[in-house]
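Protein chains in written order, with my numbering: chain D, 1 to 274; chain F, 1001 to 1219.
Worth flagging that the hints you see were computed from the coordinates, not collected in a lab.
Incorrect hints may have been included.
Taking lysine-lysine pairs in the DSSO-like style, the calculated list, with each CA pair at most 27 Å apart, reads [to be verified]:
(1) 85(D) to 167(D)
(2) 46(D) to 1169(F)
(3) 139(D) to 127(D)
(4) 115(D) to 127(D)
(5) 161(D) to 216(D)
(6) 1139(F) to 271(D)
(7) 1093(F) to 115(D)
(8) 1169(F) to 111(D)
(9) 85(D) to 56(D)
(10) 1089(F) to 127(D)
(11) 127(D) to 1093(F)
(12) 196(D) to 115(D)
(13) 85(D) to 196(D)
(14) 46(D) to 127(D)
(15) 85(D) to 46(D)
(16) 1093(F) to 161(D)
(17) 1169(F) to 216(D)
(18) 167(D) to 271(D)
(19) 111(D) to 161(D)
(20) 139(D) to 111(D)
(21) 6(D) to 56(D)
Residues of chain F clear of chain D, computed beta-carbon distances all greater than 12 Å [claimed, not checked]:
(22) 1006
(23) 1081
(24) 1089
(25) 1182
(26) 1209
Computed from a predicted model, the values in this text were never measured in an experiment.
Each residue gets a CB set at the ideal place from its N, CA and C atoms; glycine is no exception.
Chain residues, written in single-letter form:
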Amino acid sequence: MGMGKKLSQIDRRIIFLVIGLAVALPLLFPIGLQIRVSEPAQRMYKAIDQLPPGSKVLISFDYDPTTMPELYPMNIALVRHCFAKDLKVIGMALWPTGVPLGEEAFEIAAKDYGKSYGQDYVNLGYKAGDIVLISNLGKSIPQQFPIDFRGTPLEELPIMKGVRSLKNIDLVIDLSAGFPGIVEWTMIAGGRHHVKVGGGCTAVSAPSYYPYLQSKQIVGLLGGMKGAAEYETLMNARGAAAGGMDAQSIAHLVIILFIFIGNLFMFLGNKGKA
Amino acid sequence: MRREIPLFITAITGVVFIIAYFIPHPPFNQIQDLFQTWFQIIAAFAIILGVLNLMVVNGDKVYRRSKGWGYSVIIILSFLVMAGIGTFKLGSKASPLEEGTPFMYLFYNVYYPLTSTVFALLAFFVASASFRAFRARNKEAALLLTAAFFVMLGRVPIGDYLTSWIPLKWLHLSTIANWIMAYPNMAAQRAIMIGIALGIISTSLRLILGIERSYLGGD
């Protein structure tokens, strides 16, 4: 058996070990690679930064623990930016699993900026209905969410004063791990109710949102952990995402090497046969 | 009648939504609002169907002692525990989603690590597949691999680190990756989206006109 064939039949556990080490070692011993900010992230930052204090931002937590490494750091960074700019943040979720994750991000950021629940931010919770729910929010938010996730009636929350529908929202940010997500918010909140929409998504789904970005249907986009790391860089606050970029860099490099080695042996094998 | 009534409901709903989009005035917008409220109620009640299905499929497996019936017991128990604690707000005052409640304890200590672990395993399978399956067997595959090389390295900081010494910025990996994302990728995505949209329009028309009936089941 030639060396090429031997290597192509390598025990997959060795590959698992290599990729495991490629992820774990940079997390344990950070390299601190510089992060260059891309245009979509800059646009997202600018969209929030330009809002006057007191503006209402609606963040929809449409993700779950499986996509947390990518979406949770950007959730925290975005909420921090909103709080730093004295914006009022209304949270909600089209995914039931997003509610506690969004709440956790709220609590962390609120502690840092001394913000209080009901006054500066609120979590409306989850409601079924997907795209139809977004459409109905365009008509009435209190009708769709008569109480917040803690059971407090909306009229008792100062932050909700004057917020009747999506028309009273200055910016919608969707943290999207799939369906329902950015596309649905863009179509209904952006297209039908003319609210500015921006978002963050998993790296794997980011390419599919570029047409919306180019046509300015979305104001900005954070793609995956890189997008979150870029936002942390813009905020001058290195967090979990920036730390994770070292591991992701090495993991990508290792996968590229695997692809190269695999193809090299295929090429050498074909040459031998010829 | 079993076929005619669903066909009639589909046709009416479809026509109303199309008209309401172009004429958002009474009575069309009112009927649309009503249909949307019904949709939300049906969507909420669909969970009952899901729960029943879960119970019947897994209950049957346990009853028959089919292969892997132990997993079904775990599914049923997990469901009953989570749903019970959440529905009856056990150990919580206002909402089971508040910090420190038994529901959130289970969410953070069982659901959270389990789902994250399963998803994290993907990294290992991608690495294994990259070694065994990602081969430049033809021109198209070679093109795909080349794009993957630039995007995978250009979208992480190490790409810039490796090419930052090049004086020409357009040769930096991140610049190339951003160009691939913003132009060839976007053009392809837009073509796919337009294709899907045309497909949706044609399928919707077939449904409204009653030509497409496969969703009714049967032959």
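### Query
Failing hints, ascending?
5, 8, 14, 18, 20, 21, 24, 25
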